[in-house]
Structures are given as C-alpha cells and as structure tokens.
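Starting from the given sequences, assemble the full structure and let the hints guide the process.
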Amino acid sequence: MKMPAIYGTIKKYILSRGVVAALIILNITAVAMSTYFPQKFLLGIDKVVKWEEAHPFWRSRYEWYGLDHIFTTVWFGIILSLLFLALLVSTIEQFSGSRKKTFRITPSDSSSMSVSVSRSKAEELIKSFRYSKITETDGAVKFIKNPWGHWGNFLLHAGITIVIASSFFIALTQQRGKVNLVEGETFKPDTSWIVQENGLLASDFVLPFSVRLDKTIPVFWDNFRVRQISSDITVIKDNNEASKQSLAVNTMGKFGGVSIYQTLDFGHAFFIELKYKEKKIHKMILELIHPESLELASYQDFILPGTNSLLQTKYFADADKKSIEGTNPLLVIRTKDGDNISEQSSLKPGETAYAGGYRVKVLDVRKWTGIIFVDITGMPGIFFGFFIIILGAFAHYFLPPREIILFTHGDKLSLSWKATEFAELYSEELGQLKNKLVPEKET
Amino acid sequence: MSNQYIIESVFNWAAVIIYAIAIIFNAAGVIFNKEKSGRRSYFIVSAGLLSHGCALLYRWTTSGHGPYMVRYEVISADAWIALFCFLVFLKFYPRIKFASIIIFPVTMLALGLSLFFDPKANQLPPSLKSIWLVLHVSFIKIALGALLIALAFSIFYVLKKHTRIQWLQKLPDLETIDVYAYRFAGFGFAFWTITTLAGSIWGYQSWGRFWAWDPIETWALITWIFFGVYLHLRHFFGLKGENAAYLFMLCFLLTLLSVFFVPFLESSIHSEYFK
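Quick mapping for you: the protein sequence lines, in order, are chains A and B.
Going by this note's numbering, 235 is the number at position 235 of the first sequence; the sequence numbering is gapless.
Going by this note's numbering, 152 is the number at position 152 of the second sequence; the sequence numbering is gapless.
The hints are simulated quantities; they were obtained by calculation from the structure and are not laboratory data.
A portion of the hints provided could be inaccurate.
DSS-like mimics (lysine-lysine), calculated; alpha carbons at most 30 Å apart, straight line [to be verified]:
1. A/Lys244 / B/Lys129
2. B/Lys97 / A/Lys145
3. A/Lys145 / B/Lys91
4. A/Lys418 / B/Lys160
5. B/Lys240 / B/Lys160
6. B/Lys129 / A/Lys254
7. B/Lys161 / A/Lys418
8. A/Lys434 / B/Lys97
9. B/Lys91 / A/Lys127
10. A/Lys11 / B/Lys91
11. A/Lys188 / A/Lys178
12. A/Lys322 / B/Lys129
13. A/Lys178 / B/Lys129
14. B/Lys240 / A/Lys100
15. B/Lys34 / A/Lys436
16. A/Lys50 / A/Lys336
17. A/Lys188 / A/Lys361
18. A/Lys215 / A/Lys321
19. B/Lys170 / A/Lys434
20. A/Lys101 / B/Lys240
21. A/Lys121 / A/Lys145
22. A/Lys434 / A/Lys412
23. A/Lys121 / A/Lys215
24. A/Lys12 / B/Lys240
25. A/Lys40 / B/Lys129
26. A/Lys418 / B/Lys91
27. B/Lys97 / A/Lys418
28. B/Lys120 / A/Lys322
29. A/Lys314 / A/Lys100
30. A/Lys434 / B/Lys240
31. A/Lys434 / B/Lys91
32. A/Lys2 / A/Lys101
33. A/Lys145 / B/Lys240
34. B/Lys240 / A/Lys321
35. A/Lys321 / B/Lys97
36. A/Lys215 / B/Lys91
37. A/Lys215 / A/Lys314
38. B/Lys36 / A/Lys418
39. B/Lys91 / A/Lys133
40. B/Lys170 / A/Lys418
Below, the structure written as structure tokens:
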C-alpha cells in the first residue's frame with residue numbers, strides 16, 4: 001500500500017533518534033515529577049495547600065505550570081500525543097518490516113553453504129527441526145522456526161498504541177461520581193455528588209436512574225479489621241421500574257452502562273434532633289466512620305445549624321464494647337464555641353442528653369456506605385492493548401525466529417541460516433542442521 | 001511465640017542452613033572446578049527450596065491468604081520464586097547455570113532478611129481479595145526472578161571483561177553472556193507487563209480505575225519504560241556489551257527502588273502489605 005507523501009515527512013521527523021529520545025525523556029520526566037509535586041486528584045486540596053506553604057519557591061509556579069495536575073495539563077497532553085504519533089508511525093513501519101522479514105526471500109551469500117542431499121530430502125530434514133515452509137519464489141524456499149517472532153515488535157508497538165489511544169479516550173470522556181448513602185435513602189439523578197470526576201470533554205455526570213440503598217452489611221475479622229462490605233441496592237428507572245443489585249468490594253454491579261462499586265467507607269448515621277433553649281428544633285444526620293476497634297472511637301466535627309459553633313462527636317461501635325458489628329452504637333457529643341467547650345454527654349439510640357445548652361435526642365441510627373458510579377467507555381481497549389503487548393513481548397523474547405532459505409546456487413543446492421535475534425544461543429541448532437544437510441568438508 | 005511461628009521458623013531456618021550448604025557446594029563446583037560438588041549443590045538447594053516452600057505453604061494455610069501482606073512473607077516469597085524460576089529456566093537454558101553463584105546467595109540472604117521482620121500475619125482487607133491480585137503479585141515475583149538472572153549475566157560481562165578471575169573463563173564467551181542478559185531482561189519485561197495488566201484489571205474491578213497514579217504504580221511505570229528503552233536500544237540501535245550491562249544495572253536499581261523502597265516512602269494501596 002502506497003502511503004501519502006506527508007507520511008514520509010512525518011515519519012522522517014517523528015521517528016528520528018533525537019525526537020524519539022526527547023519524547024521518552026519528557027514522558028519519564030513528567031511522570032517522575034508527579035511523584036514530587038503533590039497531585040490534587042490524589043491527595044486533595046488541603047495537602048496541596050500545605051505543600052505550597054512549605055515550598056514558597058514553587059507557590060507561584062505550581063499552579064501556573066499545572067504541576068498540581070500534571071496528567072490533565074495541555075503540555076502533558078501534547079507530549080503524550082506526540083509519543084502516540086511516534087508509536088503509531090513506528091507500528092506501521094514495524095508491520096511493513098515484519099511482513100518483509102516473514103515473506104521476503106533474501107539469501108545471504110556470506111552464510112550460505114552447499115547441501116549434500118536432494119531438495120526433497122533437505123526440505124524433509126528442515127521440517128524435522130520444526131521449521132515451517134513459509135514461501136517459495138524462483139526456486140528459493142523460505143523456512144522459519146517461530147515465524148510469529150518476526151511480529152513481536154509490531155505487536156508490542158501496536159499494543160502500546162492501543163493502550164495510549166484508549167487511555168486518551170477514557171481521560172476525555174469518563175464520568176465518575178461518589179455518594180454516601182444511608183440505609184433507606186434514595187439518590188436521585190438531580191442530587192449532587194460528594195465527589196465528581198469528569199473527563200476533559202465530558203459533561204456533568206447525571207445518573208440515568210435513581211438508586212436506593214436497602215442494606216449495608218460489614219463483616220469483620222476477629223481482630224476487628226474489615227473482612228468484607230456488601231450492600232443491597234435498588235435501581236429505579238424513570239418509569240418506576242425497579243431492580244435489585246448486590247454489591248461488595250471487588251464485586252461491582254452494572255446497570256444501564258454504569259458500573260457501580262462498593263467502597264470501603266461505611267459507618268453509622270445518627271439521626272439527631274437539636275433544640276437550643278426552647279427555640280427552633282433542628283434535625284441533623286451525623287455520618288460517622290466506623291471505628292477501627294471496640295476500644296477506639298472515630299471522631300468528626302459538625303457545624304451547628306445557624307451558628308459558628310461546632311458539635312464535636314465521637315462514636316464507639318458498641319456501648320458495651322462487646323460487638324464490633326455496631327448493633328448497640330454509642331455517640332458521645334460536646335459543643336465548642338471558640339474556647340468554650342461544653343461537658344460531654346453519651347447517647348444511645350432513643351436517648352436524650354444535654355451539651356452546651358442544646359438538648360440532643362438520637363431519633364434513629366442506620367448504617368451508611370459510600371458507593372461509586374462510573375461511566376467509562378474504552379476499558380476493553382486498555383485490556384486488549386495490554387494483551388497485545390504481552391503477546392508481542394512473548395513472540396519476540398520467547399519465540400526468536402530462525403530462518404533457512406533453500407536455494408539453487410549455480411547448479412548446486414545451497415542453504416543460508418539466520419537467527420535475527422539471540423543467534424549465539426542457537427549455534428548448537430545450526431551445528432545439528434549442518435551435520436544433517438551439509439557435506440562433511442564444509443562443516 | 002505461637003506454635004504457628006515456631007513451625008514456620010523451623011522450616012525457614014532449616015532452609016537457610018541448607019541454602020548455606022548449597023552455596024558452599026556450588027562455589028566449590030563453579031569456582032574450584034569440583035564438578036561433583038557443583039552437581040550436588042542443585043540437589044541440596046532443591047531440598048532448601050522444599051523446606052522454604054513448606055514454610056510458605058504452612059503460612060498460606062494458617063493465615064488464609066497468599067504471601068503478599070507483610071514484609072516477612074513478601075520477601076520470603078520473592079526469594080522462593082527467584083530460586084524456583086532459576087531452576088525452571090535452567091531446564092531450558094542449561095548454560096545459565098553459572099548464575100547460581102549469584103542466585104543461591106541472594107535467595108539465602110533474602111530469606112534471612114525476611115526473618116528479621118515481624119512475622120505477625122495480617123488479615124486480608126476486602127480490596128485485596130481478588131484472583132487478579134494473586135496474578136499481579138505472582139507475576140511481579142516471576143519478573144524479579146528473570147531480571148535477577150539478567151543482572152547476574154550483566155555482572156558476569158563486566159567482570160569477565162575487566163578481570164582475569166580464573167573461574168569466569170569457564171563462562172560462555174562475552175557475546176553469549178551479553179545475549180543471555182538481553183534475553184532474560186526481555187523475559188522480565190514480558191512478566192512485568194503481565195503484572196501491570198493483572199494490576200489494572202484488579203484496580204478496575206475494585207474501584208473502577210485501571211490506573212490511579214499511586215506512587216508505586218508511577219515508579220513501576222517509570223521502571224517499565226526504562227526496561228523498554230534498554231530493550232529498544234538493544235534491538236534497534238545495536239546497544240550491547242558493557243554499556244548495555246551498565247544500563248541494565250541502572251534499570252535493576254530502579255526496580256529495587258520501585259518494588260521495595262517506594263512502599264516505605266509513600267502511602268499507597270500497594271503499601272497496604274507493608275503497613
């Protein structure tokens with residue numbers, strides 16, 4: 001197939017040693033930089049701000065150069081695009097090279113030797129060494145042992161190209177949202193996510209259905225570590241058609257093209273009623289993370305409605321410190337207004353207590369958990385690309401091809417042998433071939 | 001110390017002692033031309049591998065998960081697989097037998113090192129309960145085994161070229177040593193790629209991300225690119241000999257950094273097992 005002239009120009013520049021070396025160095029440098037400069041999407045804004053304060057030199061440059069989100073900057077996109085182009089052109093070249101290596105017959109005079117047996121006998125002997133007859137032209141026959149080895153480099157480059165192209169597509173189009181749901185709560189399409197992450201060209205992620213969390217079941221090891229978390233959810237479509245799904249860590253659900261993941265986040269949500277000095281009643285839902293053991297509590301602060309004061313809480317899985325399952329949870333509260341900290345009070349479900357002038361009643365306690373929704377197109381490309389890379393690496397390094405060309409030189413039958421890679425490892429095979437095919441004086 | 005650790009310790013220390021004996025026999029064979037001793041060293045080391053394997057298997061059954069949670073079991077399993085891979089590769093490439101002079105001591109030292117870490121077994125968190133994790137961990141260990149053989153031949157190349165050490169003269173010629181280093185680096189690269197694929201499937205299955213740019217992933221990618229550059233330079237630009245050996249050693253150092261040291265420096269899903 002004849003390629004357009006522009007291809008030749010692109011190939012000349014993009015595959016030149018300098019450009020390829022520069023692209024590889026730039027990519028490695030960019031990736032390595034991400035391990036030095038904290039990335040917002042990995043660590044969150046708080047840690048990034050702390051890092052900026054500790055590194056005043058970078059403070060002004062950090063955001064300007066996009067060092068806090070290297071993988072979504074324009075400059076990284078350009079470097080990766082150029083690398084992709086280089087790989088694409090290289091893949092095309094490798095294809096053409098592999099085809100030539102497999103099917104073109106170019107006997108080497110320097111390594112040729114006369115054959116002492118008839119052509120048919122020679123072919124039979126060559127095949128007994130597990131060489132396959134590949135092609136025949138003008139009386140010259142080409143045999144290759146491990147012909148797929150010639151395609152290893154092509155497959156390697158093609159696989160990397162497919163992975164980068166698929167990653168690009170995903171980075172541009174993916175939609176991801178996380179929500180914490182309390183048992184019985186329904187997440188509707190118009191509700192806000194607690195964390196949302198969209199591809200560069202993707203719009204806001206709006207679920208095409210509602211989701212209700214029916215039940216969350218954490219299971220624990222004897223040492224109170226989490227063994228498994230599973231949840232039962234109900235997916236409700238616009239026409240109120242409902243379907244049940246079960247999720248667990250490492251067991252995702254799927255509905256309407258959206259993948260649904262169980263996270264490791266869970267705990268108890270305390271539904272409380274607050275009343276301050278006989279004024280208005282406020283209701284709050286305190287979502288607290290499950291404690292790591294019976295002795296330890298988990299802590300969280302909440303802003304009291306209509307004030308700048310804090311409601312400081314801690315939560316024990318079991319008031320009697322008997323079961324980590326959380327069937328009898330204990331909430332401990334106090335208020336903090338500036339430097340004034342109230343006495344703390346303990347509450348179990350249904351109980352009322354006072355803290356900092358507030359009367360607090362626990363109305364209900366239910367479990368909550370985090371659920372992630374992901375809409376990604378292109379994952380098969382990633383996995384297929386990796387598979388092709390592995391296939392290429394195996395073809396290249398595990399199946400190095402060896403070639404024999406049987407041809408007539410003058411009136412004599414000759415052969416040439418070649419190992420395109422690792423020839424030193426196959427000198428014994430060449431010796432055995434010579435013993436069978438070549439007259440003694442030439443061996 | 002519980003009965004479980006006593007049983008493991010007995011198997012492990014027996015393995016250390018047997019490996020030490022194998023190293024002596026192997027050195028006698030390779031360095032001092034005692035061929036019979038050299039041959040015997042393989043039987044002895046296989047006995048060590050068996051005892052070492054029993055310790056790992058016993059731990060696997062008692063802890064309920066593979067050796068991928070705490071340093072003690074991770075390093076011990078790395079050592080076992082490195083030696084096992086060497087013995088398997090030896091069946092197909094008998095001339096790599098000289099690498100035993102490096103592989104045997106590395107195995108013994110790694111097992112010895114693992115015994116200094118806390119052997120207390122951790123319970124498996126739910127995110128690590130996946131067949132893809134087992135494949136991910138297994139293949140990185142196999143990759144390390146192949147890369148260790150490549151390292152041995154890179155070292156042999158430099159030593160043979162620059163020294164007149166007598167026993168090195170028994171090794172294949174420099175070109176062949178160079179080719180072995182190249183070939184096993186290629187094997188390591190292939191296994192490293194499988195590790196990455198298995199890891200990305202595991203990540204996608206667990207939390208919907210095939211790649212999370214966590215510190216170990218990032219350093220593993222950098223190492224993979226370095227190996228890719230090494231192999232690329234060898235295939236397309238004729239890099240070979242001493243320069244190739246030094247570049248490989250650099251890549252191997254990077255491998256040690258990525259696999260063993262980054263988990264200490266940065267928090268990541270991969271450092272779960274080093275907590």
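Going through the hints against the structure:
1. A/Lys244 / B/Lys129: 24 Å, holds
2. B/Lys97 / A/Lys145: 26 Å, holds
3. A/Lys145 / B/Lys91: 21 Å, holds
4. A/Lys418 / B/Lys160: Distance ~28 Å between A/Lys418 and B/Lys160 Cα, so the pair holds.
5. B/Lys240 / B/Lys160: 15 Å, holds
6. B/Lys129 / A/Lys254: 20 Å, holds
7. B/Lys161 / A/Lys418: 27 Å, holds
8. A/Lys434 / B/Lys97: 27 Å, holds
9. B/Lys91 / A/Lys127: Given that 30 Å is the threshold and the Cα spacing comes to 24 Å, the pair holds.
10. A/Lys11 / B/Lys91: 44 Å, violated
11. A/Lys188 / A/Lys178: 13 Å, holds
12. A/Lys322 / B/Lys129: Judged against 30 Å, a Cα distance of about 27 Å means the pair holds.
13. A/Lys178 / B/Lys129: Roughly 22 Å between the alpha carbons, so the hint for A/Lys178 and B/Lys129 holds.
14. B/Lys240 / A/Lys100: Satisfied, since the Cα-Cα distance of roughly 25 Å is no more than 30 Å.
15. B/Lys34 / A/Lys436: 36 Å, violated
16. A/Lys50 / A/Lys336: 25 Å, holds
17. A/Lys188 / A/Lys361: Holds - the C-alpha atoms of A/Lys361 and A/Lys188 are around 29 Å apart, at most 30 Å.
18. A/Lys215 / A/Lys321: 23 Å, holds
19. B/Lys170 / A/Lys434: 26 Å, holds
20. A/Lys101 / B/Lys240: 23 Å, holds
21. A/Lys121 / A/Lys145: 18 Å, holds
22. A/Lys434 / A/Lys412: 16 Å, holds
23. A/Lys121 / A/Lys215: 75 Å, violated
24. A/Lys12 / B/Lys240: The hint holds at about 26 Å.
25. A/Lys40 / B/Lys129: The hint holds at about 28 Å.
26. A/Lys418 / B/Lys91: 25 Å, holds
27. B/Lys97 / A/Lys418: Given pair B/Lys97, A/Lys418 holds - Cα atoms ~26 Å apart, limit 30 Å.
28. B/Lys120 / A/Lys322: Distance ~24 Å between B/Lys120 and A/Lys322 Cα, so the pair holds.
29. A/Lys314 / A/Lys100: It is violated: about 72 Å lies between the C-alpha atoms, which goes past 30 Å.
30. A/Lys434 / B/Lys240: Holds, because 28 Å separates the two Cα atoms, which is no more than 30 Å.
31. A/Lys434 / B/Lys91: 25 Å, holds
32. A/Lys2 / A/Lys101: Distance of about 19 Å is within 30 Å: holds.
33. A/Lys145 / B/Lys240: Holds. A/Lys145 to B/Lys240 sits at ~25 Å (cutoff 30 Å).
34. B/Lys240 / A/Lys321: 66 Å, violated
35. A/Lys321 / B/Lys97: 60 Å, violated
36. A/Lys215 / B/Lys91: Distance of about 55 Å is beyond 30 Å: violated.
37. A/Lys215 / A/Lys314: Holds - the C-alpha atoms of A/Lys314 and A/Lys215 are around 23 Å apart, at most 30 Å.
38. B/Lys36 / A/Lys418: With a Cα-Cα distance of about 37 Å, the restraint between B/Lys36 and A/Lys418 is violated, given a limit of 30 Å.
39. B/Lys91 / A/Lys133: The given pair, whose Cα atoms are some 29 Å apart, holds under the 30 Å limit.
40. B/Lys170 / A/Lys418: 27 Å, holds
Hints 10, 15, 23, 29, 34, 35, 36, 38, counting from the list given before, are not met by this structure.
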